[in-house]
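K.L.:
Residues per chain are reported as follows:
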Amino acid sequence: MRAIITVVGHDTVGILAKISALCARHNVNIIEVTQSILQDMFCMIMLADVSACNVAFTTLADEAKALGEEMNLSVNAMHEDIFNSMHRI
Amino acid sequence: MINTHDILETINMIRQENLDIRTITMGISLLSCADSDIHNSCEKVYEKICRRASRLVETGEQIEKEYGIPIIHKRIAVTPISMLVAASGGDPVLYAKTLERAAQTVGVNFIGGYSALVQKGFAAGDRALIDSIPEALAETEHICSSVNVGSTKAGINMDAVATMGQIVRRAAEATADKGCIGPAKLVVFCNAPEDNPFMAGAFHGAGEPDCVINVGVSGPGVVRAALQKIPHGNITDVADTVKKTAFKITRVGQLVAKEAAKRLGVPFGIVDLSLAPTPAVGDSVAHILEEMGLEQCGAHGTTACLALLNDAVKKGGVMASSHVGGLSGAFIPVSEDAGMIAAAENGTLTIEKLEAMTAVCSVGLDMIIIPGDTTAEVISGLIADEAAIGMVNSKTTAVRVIPAIGKEIGDTLNFGGLLGYGPVMRLNTASPADFIHRGGRIPAPIQSLKN
Chain A
55 MRAIITVVGH
65 DTVGILAKIS
75 ALCARHNVNI
85 IEVTQSILQD
95 MFCMIMLADV
105 SACNVAFTTL
115 ADEAKALGEE
125 MNLSVNAMHE
135 DIFNSMHRI
Chain B
1435 MINTHDILET
1445 INMIRQENLD
1455 IRTITMGISL
1465 LSCADSDIHN
1475 SCEKVYEKIC
1485 RRASRLVETG
1495 EQIEKEYGIP
1505 IIHKRIAVTP
1515 ISMLVAASGG
1525 DPVLYAKTLE
1535 RAAQTVGVNF
1545 IGGYSALVQK
1555 GFAAGDRALI
1565 DSIPEALAET
1575 EHICSSVNVG
1585 STKAGINMDA
1595 VATMGQIVRR
1605 AAEATADKGC
1615 IGPAKLVVFC
1625 NAPEDNPFMA
1635 GAFHGAGEPD
1645 CVINVGVSGP
1655 GVVRAALQKI
1665 PHGNITDVAD
1675 TVKKTAFKIT
1685 RVGQLVAKEA
1695 AKRLGVPFGI
1705 VDLSLAPTPA
1715 VGDSVAHILE
1725 EMGLEQCGAH
1735 GTTACLALLN
1745 DAVKKGGVMA
1755 SSHVGGLSGA
1765 FIPVSEDAGM
1775 IAAAENGTLT
1785 IEKLEAMTAV
1795 CSVGLDMIII
1805 PGDTTAEVIS
1815 GLIADEAAIG
1825 MVNSKTTAVR
1835 VIPAIGKEIG
1845 DTLNFGGLLG
1855 YGPVMRLNTA
1865 SPADFIHRGG
1875 RIPAPIQSLK
1885 N
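One line per chain: the protein sequences are A and B, in this order. First residue of the first sequence? That's 55 in the working numbering, and the numbers climb one at a time after it. First residue of the second sequence? That's 1435 in the working numbering, and the numbers climb one at a time after it.
FYI, nobody ran anything at the bench for these hints, they're computed from the structure. No experiment lies behind these values; they were computed from the predicted model shown. A virtual CB, placed ideally from N, CA and C, is assigned to each residue, including glycine. One or more of the hints may lead you astray.
Unchecked claim - To give an idea of the interface, some chain A residues facing chain B are shown, with a C-beta separation under 10 Å as derived from the structure:
no. : residue
1   : T112
2   : D116
3   : M132
To be verified - DSSO-like, lysine-lysine: derived pairs with alpha carbons at most 27 Å apart:
no. : chain 1 : residue 1 : chain 2 : residue 2
4   : A       : K119      : B       : K1499
5   : B       : K1482     : B       : K1531
6   : B       : K1678     : B       : K1748
7   : A       : K72       : B       : K1499
Just chain A, with the same shape it has in the complex (with noise of 0.2 Å):
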């Protein structure tokens, strides 16, 4: 399984060392990460192969988020088919 991990908000030093740390932490593989300047915030994607993570999926949902709130940033990890079904026909 694929997984999107999406950050967004005010830019500070170490966004994508520590998200990459928690990925690293639970063996999870980052395959591709864009980032950019939208409207003044700092938006990064990643996109992540979460099948050998050490911990369930929700697990890691939940500490990416908690992880957000502790940069006061907005970080969120989903199932790539949610953007899939979205956006492909």
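Chain B: place on chain A using the hints.
P.N.:
Same frame as chain A, now just chain B:
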């Protein structure tokens, strides 16, 4: 990878614009539970619901977390209980209490199906069940009831219409100390769909499989936000935008429905393409109509805007799902929609206008609070008018009105939660009593010679 804009659009729909899956509803046939002894029958009902739905809530919550999409309700629809009463006899309220016990055990927030289908006449069990509705709704919390009194094929059973006027009143009186909540859980239908996942009208039709998963989507806030981006678009642009948005909303419903069906080992039934509002700000169907250019919902032009919205939602949604059913369209429940509440409060939205709107949208006079002294005959008149609109136009219509016992026009009745609150609305009190007391049946309308 999908492009950044699309990913952010999805996240924004969910986090800012209240996109959610309104309900995963498991339909369970109780025909196999019929027994000539009502106590045996009740035990079988309890056992079957608990067995079939044991993992429903847990599975819903799991999908919610994995896909990051809120799933607001997990519910159950069962075979119309009047069919079990036909076999067992006895006091139908025992079934209501059994369903309540099962709802609490499996943790769903509603079980629908305390129902009877009497469009052509009363069969064994039907009268007893209908007569017990006020007591059943007063003594349970999680049970919803519906009665189908008419259809395009059968006409309208006016004896049932007359009875239901009294039942709605009695349901309000029986729950007067609980904010008249009884009739908020009771729908009187014409052309009731057998696979509707939405309450209070959900039941599991006799033609359905033993167990099935139906999903109801939502998302008025998403449609409104999409329209806000084209303030100067013409009406063709408006229709196209609604269609595209409905497609995206429904794709999420289809995904969740298929995933829930797979995980529960139950066939996928339908996705109901409905725009279901909640009283929350930013989740209103009335505000979509206002975004199209009306000063307020209820103004002249409202029916046209709603017709466009309802049609575009279906057109967009149909291609996004492999099976579409249920009510599918826009809901206009007054007390559950912030924009409708505001329009009803200042008098822009009247019951007569709502009746016209029901001719072009998916349901009927829904969650409307009427004066506590409204007679049973006037309520029956409302039901007859709605049923006639449904019968002639081959569509589902329904009446869910709440007589606010002890309250008058302008007072407010508050149910709390998703059922919302609203003002007691003015309605025409001229008496249709002689018409209602004639009884009999309105013949089915002609379905050819359409010119």
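K.L.:
Within a Cα-Cα threshold of 27 Å, do K1482 of chain B and K1531 of chain B meet the stated pairing?
P.N.:
holds (15 Å)
K.L.:
Can the restraint linking K119 of chain A and K1499 of chain B be considered satisfied, given a maximum Cα separation of 27 Å?
P.N.:
holds (11 Å)
K.L.:
Sort out whether K1499 of chain B lies within 27 Å of K72 of chain A, counting only the CA atoms.
P.N.:
holds (22 Å)
K.L.:
Against chain B, with CB atoms and a cut of 10 Å, does the hint on D116 of chain A hold up?
P.N.:
At 8 Å from the nearest chain B Cβ, D116 of chain A passes the 10 Å test, so the hint holds.
K.L.:
Given M132 of chain A as an interface hint, is its Cβ closer than 10 Å to any Cβ of chain B?
P.N.:
holds (4 Å)
K.L.:
Is K1678 of chain B close enough to K1748 of chain B, meaning Cα to Cα at most 27 Å?
P.N.:
Distance of about 11 Å is within 27 Å: holds.
K.L.:
Can you verify the interface hint for T112 of chain A: is its Cβ closer than 10 Å to any Cβ in chain B?
P.N.:
The hint holds - T112 of chain A has a Cβ within 10 Å of chain B, the shortest such distance being about 4 Å.
In terms of the numbered hints stated before, the structure departs from none.
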